[in-house]
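Between the sequences and the hints, there should be enough to build the whole structure, so can you do that?
First to last, the sequence lines map onto chains A and B. Note that full-length UniProt numbering numbers the first sequence so that position 116 is 116, with each residue one more than the last. Note that full-length UniProt numbering numbers the second sequence so that position 176 is 176, with each residue one more than the last.
Where hints are given, some of them may not hold.
Stated by the list, open to error - With a Cα cut of at most 25 angstroms, we get these calculated DSS-like pairs of lysine-lysine:
#, chain 1, residue 1, chain 2, residue 2
1, B, Lys154, A, Lys64
2, B, Lys154, A, Lys68
3, B, Lys99, A, Lys41
4, B, Lys289, A, Lys122
5, A, Lys19, A, Lys122
6, B, Lys388, A, Lys25
Hints were generated in silico from the structure; no laboratory data involved.
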Amino acid sequence: MVDESTRKTLSNIPLLRTKAGPRDKELWVERLKEEYQSLIKYVQNNKDADNDWFRLESNKEGTKWFGKCWFFHDQLKYEFDVEFDIPVTYPTTAPEIALPELDGKTAKMYRGGKICLSDHFKPLWARNVPKFGIGHAMALGLGPWLAVEIPDLIAKGVIHYKEKVENT
Amino acid sequence: MSTVEELQQKITELEFQLSKALKQNVPRREKIGAMSSEVVDSNPYSRLMALKRMGIVNNYEKIRDFTVAVVGVGGVGSVTAEMLTRCGIGRLLLFDYDKVELANMNRLFFQPHQSGLSKVDAAAETLKNINPDVDILTFNYNITTVENFDHFTKILTTSSLTNGPVDLVLSCVDNFEARFAINTACNEFDLTWFESGVSENAVSGHIQFISPGETACFACAPPLIVASNIDEKTLKRDGVCAASLPTTMGIIAGFLVQNTLKCLLQFGQVSNYLGYNALNDFFPIMNLKPNPNCDDKNCQNRQLEVAARPKPEQAQEAFEDEGPVHESNEWGISLVEESKEEKECVSVADGLSFAYTLPGVPDKSLEHAKEASTTSDVSLEELMAQMKSI
Ligand SMILES: [Zn+2]
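Written out as structure tokens, the structure reads:
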């Protein structure tokens, strides 16, 4: 079941239409455009709601994605690199989002810093192929993971606040 | 006074020399030209060839003609590869992109001194030492990415001992994405494969035989899970992703290779789906028919080809049997067949359930979300630039 906050999050991310993966030449370009349009809208909605929490970009084929995500804890901003590949079976299977710098620091990760998703994520994704895209994977996968794991990692002293020159 | 770097360099050199010296003193078995059933202490095949004498297998030495791909050389895959090596399989292809870690030492096969090595290279070294007759090829990459998938399918379709498709693909991977990638490849190139898995709580597992068009593929229905009878509320997942036990993985590897041998050497019955619940030692088995509306077009194509094929005569079995070939269960344990009346709603054996259900109608939770406006006059480059400039 989808709870109220998830429902609200989902309403901020435009749905996608084209069922195409990186092996489908022209259709994939169509899908990629939808991905970008959806992500742009989602990030804008986040900014408008004062809840800006990630940036992503991709290689020109749209198969490798990278960027940053950040999380506020006690008014301090913790920032992490994000990366993932689009699997050949996308969008039937979701991308496996990784935070490489946290690899080995928490049991809630698979090898390579891939985050451990909740039991709810896969069924929800499977029910919404091909409407869910990268924005949904971020919102339903990475968002809740950060909210649970980062405060815990801070409390355990595994990660520390790094002074950064703010240029945004 | 030497620097730390110089000393480290010296250690590496000495380690190399030591490992060479040790190898010279270790007995190594030479290659054996033809499998013999002669019982002498130097013949590693005598007990396997005895299967032939006892009438279990007609043609054991044929095992040398087969090529099997093992995808994922972790807790299940490494043991699977070792068993096939000891059985004298002709050629093994090993796929994995991971390295051996000390954290893997609760599982079988790998040893602490191998940590840091790629799993495929470490495995190949051990396996060649166990049985130099097996031809082992290694592929150290992630099969799910675009740049590797085409190479993966090329290898699967051209790497048998006669440069044709492999005889069997064994999925020993630990994630949904890789299983789906294997499924996609096997449907597209009509390759027979076994899917295998151990649950994240380590107390259940399964193997599934998939012959494209004949049995359900991995995309035909949501994955089946073996009920562990653990109350979901008492199952604590906080702080861990997955547990693992060498026992469960060893048992699943055993089931996998046993059915591989039955499939290749044509003896006994190959289980279509075999589950294992470790908590009460329950082994549900069932048959899964392909879904005519499967999401994978190649699965549908393979189903049409199978339907067009003349029905094979059922030679050995005396009784009429509608379903796929391997169905009878002499032990009478929990065999549940899909009855003809139940074909509409897919039924599963006792102790099994689907991981989730797929609705035929759009998810209601999304009624507020709008579709991304597809204005085709905006180019991808413009969108990428727009995203960057936010
Ligand atoms: Zn299918």
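A quick look at each hint next to the structure:
no.: 1; hint: B/Lys154 x A/Lys64; verdict: holds (23 angstroms)
no.: 2; hint: B/Lys154 x A/Lys68; verdict: violated (36 angstroms)
no.: 3; hint: B/Lys99 x A/Lys41; verdict: violated (39 angstroms)
no.: 4; hint: B/Lys289 x A/Lys122; verdict: holds (23 angstroms)
no.: 5; hint: A/Lys19 x A/Lys122; verdict: holds (17 angstroms)
no.: 6; hint: B/Lys388 x A/Lys25; verdict: holds (24 angstroms)
The structure does not agree with the numbered hints 2 and 3 stated previously, though it agrees with the rest.
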